[in-house]
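Since the structure of chain A is already known, use the hints to place chains B, C and D on it.
Protein chains: 4
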Amino acid sequence: MPTVKFNTALIVGAGSGLSAALARVLATEGIKVALAARSTGDLAGLAQEIGGATFTCDASKRADVDKLFADLDAGFGAPEIVIYNPSYRTRGPLIELDPAEVEKSLMVSAFGGFLVAQQAVKRMLPKKHGCVVFTGASASVKGFALSAPFAMGKFALRGLAQSLSRELHPQGIHVAHVIVDGGIKSERRPEPPGKTASMLNPTSIAATYMHIIHQPHSAWSSEVEVRPWVETF
Amino acid sequence: MPTVKFNTALIVGAGSGLSAALARVLATEGIKVALAARSTGDLAGLAQEIGGATFTCDASKRADVDKLFADLDAGFGAPEIVIYNPSYRTRGPLIELDPAEVEKSLMVSAFGGFLVAQQAVKRMLPKKHGCVVFTGASASVKGFALSAPFAMGKFALRGLAQSLSRELHPQGIHVAHVIVDGGIKSERRPEPPGKTASMLNPTSIAATYMHIIHQPHSAWSSEVEVRPWVETF
Amino acid sequence: MPTVKFNTALIVGAGSGLSAALARVLATEGIKVALAARSTGDLAGLAQEIGGATFTCDASKRADVDKLFADLDAGFGAPEIVIYNPSYRTRGPLIELDPAEVEKSLMVSAFGGFLVAQQAVKRMLPKKHGCVVFTGASASVKGFALSAPFAMGKFALRGLAQSLSRELHPQGIHVAHVIVDGGIKSERRPEPPGKTASMLNPTSIAATYMHIIHQPHSAWSSEVEVRPWVETF
Amino acid sequence: MPTVKFNTALIVGAGSGLSAALARVLATEGIKVALAARSTGDLAGLAQEIGGATFTCDASKRADVDKLFADLDAGFGAPEIVIYNPSYRTRGPLIELDPAEVEKSLMVSAFGGFLVAQQAVKRMLPKKHGCVVFTGASASVKGFALSAPFAMGKFALRGLAQSLSRELHPQGIHVAHVIVDGGIKSERRPEPPGKTASMLNPTSIAATYMHIIHQPHSAWSSEVEVRPWVETF
Numbered sequence: 001m002p003t004v005k006f007n008t009a010l011i012v013g014a015g016s017g018l019s020a021a022l023a024r025v026l027a028t029e030g031i032k033v034a035l036a037a038r039s040t041g042d043l044a045g046l047a048q049e050i051g052g053a054t055f056t057c058d059a060s061k062r063a064d065v066d067k068l069f070a071d072l073d074a075g076f077g078a079p080e081i082v083i084y085n086p087s088y089r090t091r092g093p094l095i096e097l098d099p100a101e102v103e104k105s106l107m108v109s110a111f112g113g114f115l116v117a118q119q120a121v122k123r124m125l126p127k128k129h130g131c132v133v134f135t136g137a138s139a140s141v142k143g144f145a146l147s148a149p150f151a152m153g154k155f156a157l158r159g160l161a162q163s164l165s166r167e168l169h170p171q172g173i174h175v176a177h178v179i180v181d182g183g184i185k186s187e188r189r190p191e192p193p194g195k196t197a198s199m200l201n202p203t204s205i206a207a208t209y210m211h212i213i214h215q216p217h218s219a220w221s222s223e224v225e226v227r228p229w230v231e232t233f
Numbered sequence: 001m002p003t004v005k006f007n008t009a010l011i012v013g014a015g016s017g018l019s020a021a022l023a024r025v026l027a028t029e030g031i032k033v034a035l036a037a038r039s040t041g042d043l044a045g046l047a048q049e050i051g052g053a054t055f056t057c058d059a060s061k062r063a064d065v066d067k068l069f070a071d072l073d074a075g076f077g078a079p080e081i082v083i084y085n086p087s088y089r090t091r092g093p094l095i096e097l098d099p100a101e102v103e104k105s106l107m108v109s110a111f112g113g114f115l116v117a118q119q120a121v122k123r124m125l126p127k128k129h130g131c132v133v134f135t136g137a138s139a140s141v142k143g144f145a146l147s148a149p150f151a152m153g154k155f156a157l158r159g160l161a162q163s164l165s166r167e168l169h170p171q172g173i174h175v176a177h178v179i180v181d182g183g184i185k186s187e188r189r190p191e192p193p194g195k196t197a198s199m200l201n202p203t204s205i206a207a208t209y210m211h212i213i214h215q216p217h218s219a220w221s222s223e224v225e226v227r228p229w230v231e232t233f
Numbered sequence: 001m002p003t004v005k006f007n008t009a010l011i012v013g014a015g016s017g018l019s020a021a022l023a024r025v026l027a028t029e030g031i032k033v034a035l036a037a038r039s040t041g042d043l044a045g046l047a048q049e050i051g052g053a054t055f056t057c058d059a060s061k062r063a064d065v066d067k068l069f070a071d072l073d074a075g076f077g078a079p080e081i082v083i084y085n086p087s088y089r090t091r092g093p094l095i096e097l098d099p100a101e102v103e104k105s106l107m108v109s110a111f112g113g114f115l116v117a118q119q120a121v122k123r124m125l126p127k128k129h130g131c132v133v134f135t136g137a138s139a140s141v142k143g144f145a146l147s148a149p150f151a152m153g154k155f156a157l158r159g160l161a162q163s164l165s166r167e168l169h170p171q172g173i174h175v176a177h178v179i180v181d182g183g184i185k186s187e188r189r190p191e192p193p194g195k196t197a198s199m200l201n202p203t204s205i206a207a208t209y210m211h212i213i214h215q216p217h218s219a220w221s222s223e224v225e226v227r228p229w230v231e232t233f
Numbered sequence: 001m002p003t004v005k006f007n008t009a010l011i012v013g014a015g016s017g018l019s020a021a022l023a024r025v026l027a028t029e030g031i032k033v034a035l036a037a038r039s040t041g042d043l044a045g046l047a048q049e050i051g052g053a054t055f056t057c058d059a060s061k062r063a064d065v066d067k068l069f070a071d072l073d074a075g076f077g078a079p080e081i082v083i084y085n086p087s088y089r090t091r092g093p094l095i096e097l098d099p100a101e102v103e104k105s106l107m108v109s110a111f112g113g114f115l116v117a118q119q120a121v122k123r124m125l126p127k128k129h130g131c132v133v134f135t136g137a138s139a140s141v142k143g144f145a146l147s148a149p150f151a152m153g154k155f156a157l158r159g160l161a162q163s164l165s166r167e168l169h170p171q172g173i174h175v176a177h178v179i180v181d182g183g184i185k186s187e188r189r190p191e192p193p194g195k196t197a198s199m200l201n202p203t204s205i206a207a208t209y210m211h212i213i214h215q216p217h218s219a220w221s222s223e224v225e226v227r228p229w230v231e232t233f
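Residue numbers (the numbering used here), protein chains in the order written: chain A, 1 to 233; chain B, 1 to 233; chain C, 1 to 233; chain D, 1 to 233.
If you are wondering where the hints come from, they were derived from the structure by calculation, not from laboratory data. Because the structure is a prediction, the values reported are computed rather than measured. There's no promise every hint is true.
Simulated crosslink set (DSSO-like; lysine-lysine; CA at most 30 angstroms straight-line) [said to hold, decoys possible]:
| no. | chain 1 | residue 1 | chain 2 | residue 2 |
| --- | --- | --- | --- | --- |
| 1 | A | Lys122 | D | Lys195 |
| 2 | B | Lys61 | A | Lys61 |
| 3 | A | Lys127 | B | Lys67 |
| 4 | D | Lys67 | D | Lys128 |
| 5 | A | Lys122 | B | Lys104 |
| 6 | B | Lys67 | B | Lys122 |
| 7 | B | Lys104 | A | Lys67 |
| 8 | A | Lys127 | A | Lys32 |
| 9 | C | Lys67 | C | Lys127 |
| 10 | D | Lys61 | C | Lys61 |
| 11 | A | Lys142 | A | Lys67 |
Chain D stretches covered by chain C per the calculated footprint, using a threshold of three residues with CB under 8 angstroms from any CB of chain C [unchecked claim]:
| no. | region |
| --- | --- |
| 12 | 110-121 |
| 13 | 156-162 |
Some chain A residues flagged as far from chain B (calculated, every beta-carbon gap over 10 angstroms) [as the list claims (entries may be wrong)]:
| no. | residue |
| --- | --- |
| 14 | Gly15 |
| 15 | Thr54 |
| 16 | Thr56 |
| 17 | Glu103 |
| 18 | Gly143 |
| 19 | Ala156 |
| 20 | Ser165 |
| 21 | Glu167 |
Idealized CB from N, CA, C, for every residue including glycine.
The shape of chain A in the complex, shown without the other chains (with noise of 0.2 angstroms):
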């Protein structure tokens, strides 16, 4: 079974458990990354070690998304894989929730996506090579009470997924949405003593990710969920 190649990878919303993770396991594997975030502070660290580069870039802006394809163009390279993190949510009753952060919900958790998704698969077409990732919740498939704001951005962004899935499989262009369905460990947000794998663990995740890129095209899959073992669903 020939393993697909790449060379260069994207990551959107850079900075979490995940995304460190993520750029970790890529650059193992010899993928040169790229750490797109909204306040790149935070990333000089990880960028050195994994050697990789880092971009400021609010996915929700349109500017903001096509200057990083751009300077990406500039110099780093196209991206053939992306992963697209950023999420904002907002919660409480409804008659409470301010609609301006409901906006905001649905511009970071979906239309980013869609910004990312676009200015990354016109690169990725000529070459009918790529892999575009979302990262989902809970709330992409579930509506729970009190938080319409992240579910509507979630299910929004599976709904793109969707629809890329179908229009860009048979372009050679594999798109995948990964929910993750519980809590990520990180070391803000550490495991109640004695519960061990009560969280996910980040490295967990991106192993998931990362079979999902390798994945030949015989066998694609177009969603995935993880979740601890003890999780309730």
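Frame of chain A; chains B, C and D shown alone:
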């Protein structure tokens, strides 16, 4: 079985065949109907026929929605039934889509639903009485190729509906999402000759909306799909 | 909108609160009702009340179902409406389940639905007229822990309903699957005191069945769920 | 990230291209493989190649499954990985289906999965270690016209898998359901000329099974679908 009683209804996105059919059946039951649309020029005849009122409102604009409900408060009264129909779609390959159109699809199809629901529910909660119905489409549950913007908007609206069902049902407010899976027959878009009932009859759809609206709270539906007998699915 | 007309109905699995409520509302509309159950001793009163007939039938047994329809042919007439309610459940940890009980769950909940639908549809097809409704449960769409046998039976019944909808709708026969998501109130199983409408009222469920049965073929529903306003989902 | 270690595997329904591919990749990782099938005549070559053992077993028969596991206990050892592949399908219009064939579809596709899982999990629970993978199909999530029996069996198997995931994950046993959405390439069923990767390569599917099997318990998948890049869905 006691029938739930309603006195007032608001249809947002009035103008299409479905809205007119809904307006007529609501009026037949003695319910006072407000029709809101971006442009109300075409609604004068319908409003006169059913003894209803018209309101100009772009539901994707917060100021418009605020004004709509202020105007309703000032005379018509708070609507006990609210039906949200607007959607905006643009089609094409990902790389040819206009980002402004994609944003508009999210704003009209989903964000407007939030804005209207928020204002409506503020007025329903004190009475623990009301019904909100969102109009979905095939694209609410399946993202079709070349139709990502519509899928994004309709998926997001479904996420909103699910969250609101879970939040508001225990507070006495019924929230439902109706998936209209097929083309709706209208004067501008008649059925192909010889293909009886190959398209959805708006009056038939309206009958299902009315059934949902009248369901007693012991057995509420959250999601119902309707499609023509000959529709492939 | 012309109303679809039906003259005869068969309720299989009669006896529960839902079946009795369905029988009563069908009778109210002038529809002649046949009640079939493994044991018909308890049905005499209901049959007399509604002027209906009773038939003894274990729906999971082919010979019984063949005999039921032969008996119907001989006098009552072919049913134009068929409602399939039976299910059998057994609960417990996987390793404690009795295989014979698991098999019975599949046979009663799903295989019997096939047997009944096959005989019913044979008689409906020549007239291109009829409606078959299968009763589902929460377990039709979610496999709960410690309840694998019920999930197996109810999932299978839903697969049957979906296949038959796709096959038979274009032939004029309406097939629907109703997910009853919650406990049904009955004399043996009353609501907790002070918890109004915390359980499904069988008459309320029956109203939704009747709505489905009366839908014109321009706008048929294939799947509808109903649950109490306070039910968690 | 520590890799989960397995020493023994059982593939039920061995014989198809997928089973052989799974057997080979398991053997490559040093895992001892037992192959069980109704008829093992064709498996001798594969068993010799991978150093595995063969067992005759009709998985839909309780006595056969009991004997299979007794035989495994007596020599091979309890399998830590179990993969359930068997299915039986019959197609046609509802009224032409042979009830015996429909029953067989439920028994082979779903009941056998229960029997095998029950015996396997009995042996896994004391060690809180094991992985059970059920093989699904497109028909696991969509009931196609003229294919009710296959949908019934595959829906039921999915219900089983969901219930067991929820019961067994917190006890350290990973249960997954893989939806193989497309035709699997084999010697008997080659790809159309000029249609590269238009069918699923069994080795590619097996790679996804192995990924699931190796997932650490912090990030388990319960359901994964795989399909060829050109498959319509």
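Consistency of the hints with the structure:
no. : hint                   : in the structure
1   : A:Lys122 with D:Lys195 : holds, 25 angstroms
2   : B:Lys61 with A:Lys61   : holds, 19 angstroms
3   : A:Lys127 with B:Lys67  : violated, 51 angstroms
4   : D:Lys67 with D:Lys128  : holds, 23 angstroms
5   : A:Lys122 with B:Lys104 : holds, 22 angstroms
6   : B:Lys67 with B:Lys122  : holds, 14 angstroms
7   : B:Lys104 with A:Lys67  : holds, 22 angstroms
8   : A:Lys127 with A:Lys32  : holds, 18 angstroms
9   : C:Lys67 with C:Lys127  : holds, 22 angstroms
10  : D:Lys61 with C:Lys61   : holds, 19 angstroms
11  : A:Lys142 with A:Lys67  : violated, 35 angstroms
12  : 110-121                : holds (count 7)
13  : 156-162                : holds (count 7)
14  : Gly15                  : holds, 24 angstroms
15  : Thr54                  : holds, 24 angstroms
16  : Thr56                  : holds, 20 angstroms
17  : Glu103                 : violated, 6 angstroms
18  : Gly143                 : violated, 3 angstroms
19  : Ala156                 : violated, 4 angstroms
20  : Ser165                 : violated, 8 angstroms
21  : Glu167                 : violated, 4 angstroms
Going down the numbered hints, you'll see the structure goes against 3, 11, 17, 18, 19, 20, 21, while the others check out.
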